[in-house]
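Now for the letters of each chain:
2 protein chains.
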Amino acid sequence: MRTSEAMSVASSRPTAARGPVLTFTGDPFRDGLETTMVHQLDAIVAMADGRISHFGPAERIARELPPGTEVRDFGKDALISAGFIDSHVHFPQTPMIAASGTQLLEWLDKYTYPTELKYADKEFARDVARVFLQENLRNGITTSCVYCTVHPQSVDALFEEAEKQGLRLAAGKVLMDRNAPAGLRDTAQSGYAESQALIAKWHGRGRLLYAITPRFAGSSSPEQLAMAGRLWREHPQCLMQTHMAETRDEVAWIRELFPDRRNYLDVYDHHGLSGPRAVFGHGIWLEEAELQRLHASGAAIAHCPTSNFFLGSGAFDLFRALKNERPVRVGLGTDIGAGTSFSILATLGEAYKAAQLNRQALSAGHAYYLATRGGARALYLDDRIGSIAPGMEADLVVLDMRSTPLIDFRMNQAGDLAEQLFIQMTLGDDRAVRATYVAGRLAYERRAV
Amino acid sequence: MRTSEAMSVASSRPTAARGPVLTFTGDPFRDGLETTMVHQLDAIVAMADGRISHFGPAERIARELPPGTEVRDFGKDALISAGFIDSHVHFPQTPMIAASGTQLLEWLDKYTYPTELKYADKEFARDVARVFLQENLRNGITTSCVYCTVHPQSVDALFEEAEKQGLRLAAGKVLMDRNAPAGLRDTAQSGYAESQALIAKWHGRGRLLYAITPRFAGSSSPEQLAMAGRLWREHPQCLMQTHMAETRDEVAWIRELFPDRRNYLDVYDHHGLSGPRAVFGHGIWLEEAELQRLHASGAAIAHCPTSNFFLGSGAFDLFRALKNERPVRVGLGTDIGAGTSFSILATLGEAYKAAQLNRQALSAGHAYYLATRGGARALYLDDRIGSIAPGMEADLVVLDMRSTPLIDFRMNQAGDLAEQLFIQMTLGDDRAVRATYVAGRLAYERRAV
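Chains as they are written, first to last, in the working numbering: chain A, 1 to 449; chain B, 450 to 898.
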């Protein structure tokens, strides 16, 4: 029943997109781009019942398609990719992007919490959820891992809107029982009960997934962290998301709050809050022991470069996290509203800059992996989304590789695919997204320019 | 004769722009925004013969205008400002924006020098100059301080195109006699002679200005620096531009090359290459003694945040440079092609992030000052450009404060002017520029969206 609900949103009629395709069959950080990156200059991706039914060279696939399949040809200046994945974002902060002048802890008190108080009103939450999801589609994001507010109705509003779009989306009610204004606090017990009810209502309904969401150790008491750990043990198929080691001041504060724990990760780990499907936002200031434990437990870091620069938190050392001896799963996050762009291309451009500040070079191919299959792997969803292959869910982004006059000029000088991709992530923005498919349905199409 | 040539490009017919206006009457870093920032909600800026003839509340100015003045009303969602000033940019690198994978010194060898070799061909140079100037106008930049290549014809090409547009623009032939490929080297003597000829031809012709341009101490021998110093003494009204302390590796290398000099600035200063109208690109890794000397000599730093992140050079400490006891003049630079955007708004957003990484908050008002009057002051042109007042040259940018769906949504939540301006510099790009006036002529207008 639940599955059929979601599939009703998916296009039942077979459809197909034709053009150059980029996708990944494995992890280029581990095995190199040569063996993991697939680039076809003229391919067809056919979709039916919400999934990819065919993928391959256009000439061959065209002969295999069911009669009546509508093939949309995007032309040689397009690039068809799996939809982008945003592994860390706060939908309620959409109205407060670009709130300036402060660093993390003061920013929370001055801007975030006052804004989040408004989500007691479900209709306000719904209005913002619509804008948020529309921005996702405008930027080719087909899956995101979303923090709502402490209010269960903010979760309902987001999931209801996401369900209408047929999106594979993970979200959860924020748990926070201390160090926040009265209207934004739950308790260990109420947070547990409300989350449990939301899991029962939403997790696994259509393509929706629930993420148990203690905001961070500064705003959840040990009792609440313990209850979150219990809840996750009871629902291990849910995701678990929280923040960790975003700024040095925060790390120092958490050390004061939890003097008995070995390090920041141990605050969570102690309560069973690390493991597969755990997604830790930021992780800039982690020690080697924490990275080793993340690797061993199978948890992921969400790297949010625009946010880290905006709040002055620091430049995440991606290649340190990915070290071959103990690679940590890493996804990419916009972290709206501390992040400054819904554009995954722009976010990749800033990820390149964060790596450069660590004297490392992030290639375009590796970057696009992070935004697609790598993000899916961080969320343990790479068997369903993040790459283009028959049987995968049909979430696609179609890029326009010549979306502005400057990009057009620059592409005329560009050599290989790597350079062309790099131009997009350095100069591209929402205009570079020509179309977005969700579960085989054309969910967004850019107006003619 | 020369002046009349330039003025023939300026609109002779009186014209005017109406809408909200933002401008500065002084330095907000020194005297605060309260006494230096002017914001009028409904003003008219009238222009005649290339200059601003009237500025004030629309109702009053409308009565004072000569009959037949065409008043263009941009409406309440616009913002009229003095044109933006880019104090550091390489026009020949326009075709190589987003050349990835390396840091400064390797980036020069791998990408920059091979690209610059092409400018021996003047027609190639002209084609790029046109694209470059068009991008400037699309982004509201009405004055830039430009590095050409070592080839005099690259300077001719740029100035010829800038003259057609009537732009106030500074540029110069790069001097480089070592550590570069053969086709890009001049000699101390030939660089001097060619620069002298270019000064005679271009400096003061219409609104054009010559900038004596030793690339940097790594690519100019002591003899060439001495000749550059001599040339500047002979033509003290020219600008002098070079690079300094962009990366730590570069600083270490310069120390090896010039063991007798006290510090990096002293390499230039020793040859008379510091003083009013000197513009030093970057200056991230300067010592206190160098900042004191920059202040004392009246030289300026061009802060290029997108470039500094892109090459991993570091985060310039703006507030250290501006320290009240010995403020250094600071302008803003796109530094195309290591910079990643022609948008001055985007560049301000990245300047905010660079300041945040230094735990300092750059307010929007202060940022817009840097992009206009502050930049003009860095170039010693603030008596002519950078602010809106009768008698100033009529270079304007008209911003659209609701240029994308997300900005439009965010503006609905915005409170005061500071927040509205900050939204533009965080989320805005070329689309935010609705029109650009050069010397009173509407030189660019965005297509309807």
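Do not rely on the hints blindly, as some may be mistaken.
Only part of the chain A face toward chain B is listed, based on derived beta-carbon distances under 7 Å [claimed, not checked]:
(1) Leu105
(2) Val131
(3) Ser297
(4) Gly298
(5) Leu406
(6) Phe409
(7) Thr426
No lab work stands behind these hints: they were computed from the structure.
We treat Cβ as the ideally placed atom computed from N, Cα and C, and that holds for glycine.
Here is what the structure says about each hint:
| no. | hint | result |
| --- | --- | --- |
| 1 | Leu105 | violated (13 Å) |
| 2 | Val131 | holds (5 Å) |
| 3 | Ser297 | violated (31 Å) |
| 4 | Gly298 | violated (31 Å) |
| 5 | Leu406 | holds (6 Å) |
| 6 | Phe409 | holds (5 Å) |
| 7 | Thr426 | holds (4 Å) |
Checked against the numbered hints above, the structure breaks hints 1, 3, 4 and satisfies the rest.
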